[in-house]
Structure formats: C-alpha cells, structure tokens
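J.: Chains V and C supply the protein sequences, listed in that same order.
Sequential numbering of the first sequence, starting at 1, is according to the working numbering.
Sequential numbering of the second sequence, starting at 1001, is according to the working numbering.
Read the hints as simulated data drawn from the structure, not as lab findings.
Check the hints yourself; a few may be wrong.
In silico PhoX-like cross-links for lysine-lysine, where the CA-CA straight-line distance does not exceed 20 Å [said to hold, decoys possible]:
1) V:K179 <-> V:K162
2) V:K175 <-> C:K1162
3) V:K104 <-> C:K1005
Between beta-carbon pairs, the in silico distance windows are [unchecked claim]:
4) C:I1121 <-> V:S53: 16 to 24 Å
5) V:K179 <-> C:K1094: 26 to 34 Å
6) C:N1171 <-> V:K88: 41 to 49 Å
7) V:I157 <-> C:K1061: 29 to 37 Å
The beta carbon of each residue, even a glycine, is placed where N, CA and C say it ideally should be.
2 protein chains.
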Amino acid sequence: MNKNKITPRAYLFPMPVTLIGANMNGKPSFETLAYAGVVEAQPPLISIASWESHYTNIGIKENKTFSVNTPSEDLAEKIDYCGIVSGKEIDKSKIFDVFYGDLKTAPMVSQSPLNLECEVIKTIKIKELVEVEEGHEVFIGKVVNAYADEKYLTEGIPDIAKLKTYTYSQNNYWKVGEKLAPAFEIGKKYKK
Amino acid sequence: MNKNKITPRAYLFPMPVTLIGANMNGKPSFETLAYAGVVEAQPPLISIASWESHYTNIGIKENKTFSVNTPSEDLAEKIDYCGIVSGKEIDKSKIFDVFYGDLKTAPMVSQSPLNLECEVIKTIKIKELVEVEEGHEVFIGKVVNAYADEKYLTEGIPDIAKLKTYTYSQNNYWKVGEKLAPAFEIGKKYKK
Chain V
1 MNKNKITPRA YLFPMPVTLI GANMNGKPSF ETLAYAGVVE AQPPLISIAS WESHYTNIGI
61 KENKTFSVNT PSEDLAEKID YCGIVSGKEI DKSKIFDVFY GDLKTAPMVS QSPLNLECEV
121 IKTIKIKELV EVEEGHEVFI GKVVNAYADE KYLTEGIPDI AKLKTYTYSQ NNYWKVGEKL
181 APAFEIGKKY KK
Chain C
1001 MNKNKITPRA YLFPMPVTLI GANMNGKPSF ETLAYAGVVE AQPPLISIAS WESHYTNIGI
1061 KENKTFSVNT PSEDLAEKID YCGIVSGKEI DKSKIFDVFY GDLKTAPMVS QSPLNLECEV
1121 IKTIKIKELV EVEEGHEVFI GKVVNAYADE KYLTEGIPDI AKLKTYTYSQ NNYWKVGEKL
1181 APAFEIGKKY KK
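Turn these sequences into a full structure, and let the hints guide you.
T.: Structure representation (structure tokens):
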C-alpha cells in the first residue's frame, strides 16, 4: 500500500450542485451550494448546509421553506454567479423566471429542469456541535412537491441522462459522463 | 413553462457513491451508500444516512467511528456487491484489503483511491423527526484523517479527473465526465 496521510478535508465524490431558493422580505433570492445530501427516501428528505451568515439563511429560517433547483449546463453561468455574489449586496430576484408552489414562499426557477419544494423540519447549527465561532446551518427539508418538464423524464422519473446536470469538485464543474453499470446488478457477478 | 408536478422524491444530482466501513464485533464490514453529504469544511464534517436496521449501524454506534471509501470504476463490482448483500448474512471482511488508522475501529479499503477516517459527533434518527416506523440514522462524522495514494493527487489534493469515481442515479452508476467550466469564475461573465 502506498497510502499517505493527506490533509483531512471533507472529500466527497461526486458532489451535487444545487441552486437553493428562499424568499427574503418577500423577494426571491438564490444561493449555490454543493453541501447537500439525501437523508431519507420516504418521506423524501434532503439536507442542505448553508453558512450561517449567508443571506439565504434568513429567509429559510423565517419561512421554514426553501427550494432545490437542479442545475443544467445552459444555466451554469447564472448559477455560478449566484454562488459568487451575496444577496445582501445584489438583488437576485430578476436573474431567473420564478414560480411558486403550494408552500408559497419557496421560489423556484422555471428554467431549471427539476425543482423541489421543501419544508424545513429540522435545523442543526454546526457551531453547537463543534467549537467554531461561525459555521454552517444544516436544514433538513421535506420535499413536498417536485416539478419537472416532461422532456427530462423517463417513465415519470427525472433521468440523469436528460438533465445535463453537473458536479462540483475543487473549483471546477464537471459533466456527468456515460453510464458505467447497472446498480444492484453488477455486484451479483462478484463471487467471494 | 411546461412544468408539471411529479411524484415528490428526494431527487439530488449527482449523488455520491460511498463505501462505508465499520467494525462489527471486531471485524470489518462495508455498506454502499449514496445518502451522504458534506456539512462543514472546517472542521471537515460529512453526514451519512444509513437505514437503522442495517448491520453497519450497529458498529458505527458501538465504536462511534466509520470510514468513507471513495469508489473507483475498477472496484464497482465489489462495491455494488456490498450494497446488495447484508453483513448480517455475509462476512464482508475478506472482500478488500483493509487497514486501520488512528481511530483503530474504522476499517478502510486499501484499493480505494481515497479513504476518510471519521469520528461520529452527532446522530439523528429520522423516525424522531417524522412519523415512520423505521427510517435512516444520520451520522455526522468528523474527518480526522484522510489517506490517498500520490497518483490520485494534484498538488496534494484528490483530483476528480484521476480518481475514476462515479455517481449513482436511478439504479445505475454513471461516470464523471469532462470538465464543464471553472467554478467561482464563469459566473463573473454574467451581467444582470
């Protein structure tokens, strides 16, 4: 084994890219996050981690709602922009066409191929877990509605081969590549 | 807008694939999970969600440790196998070459390009948040050590272009594709 210790960081591959929507003083704002993960299938729960002093957090905590908008390659420039500038300085309400669903306060991006409308059911402050002056807030959201255009679906399910979404790693975005293998299937070939 | 409501599920793109290691009665066992996300950068924290009755959970709770092993294409068959069969029925201790780090109880896979040795700092039971009879347990782990072979690194950092890792979506694994654009950079082109 040629393994060496490297600086411990939260290396996870591949990471999602999410455009998080929240309402700030009644106006939509958006933040780009890679710190997101699924935590439950039924009911569908997604956790997102957003730096506590970020503008978006105010709206998420006030309304107890947020949206998860799936990026597509053609939106990459605008989505990256939402990760560079703060809603505290820049009005992001006009960047995208926005629609609302049943929760009324989770702004969703029409141009995004897939939108999840989420209700916050739990908030965890990282600074209450570890000794840091400032940290992320983890919001666990229940997906109450999902919206997609038919052209991104296969048998009613969003199809990664049609979404043209991408992953984030080390200051770059990377496309999703070709199919590698069927899950819960190739493992059957393995004989111990 | 041609958006329609689709069945709400926890759709996140792309999802990571992780091979989670834990010690069960002093022996290593492994479980494949896509329900993982980063929740903090400093200290590095990763959350994983594992179904509460899974074998691995016993070891994670007993030792308060687990490992996150990054998959590579050449391990896909064995890693998928670990997601198909339960450690309750099958002894998974001989599938991989295993090593241990400072925590002593988080088994790591030598063949995996990158290993994270994690200490559990928080456990959240989903069934305490929502009304379900059984659900996932979310373990937030602090990455106390990371291990990698030099050949997977660029300037000391694991390089997604060298890892040959993959993503999970809808019962299939997908390769990571080519570079799309630099993050925190392409957004600068956007003029509101």
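J.: Now tell me, hint by hint, if it's right for this structure.
T.: Hint check:
Under the criterion of a C-alpha separation no larger than 20 Å, the hint pairing K179 of chain V with K162 of chain V is consistent with the structure, at around 12 Å. Only pairs whose Cα atoms come within 20 Å are accepted, and K175 of chain V paired with K1162 of chain C is accepted, the gap being roughly 15 Å. A C-alpha spacing of about 15 Å is found between K104 of chain V and K1005 of chain C, which places the hinted pair at or below 20 Å, so the restraint holds. Checking the proposed 16 to 24 Å range against I1121 of chain C and S53 of chain V shows it holds: the Cβ atoms sit about 22 Å from each other.
Checked against the given bound of 26 to 34 Å, the beta carbons of K179 of chain V and K1094 of chain C, roughly 30 Å apart, stay inside it. Hint check: N1171 of chain C to K88 of chain V, Cβ distance near 42 Å, so the stated range 41 to 49 Å holds. With their beta carbons about 34 Å apart, I157 of chain V and K1061 of chain C fall inside the hinted range of 29 to 37 Å.
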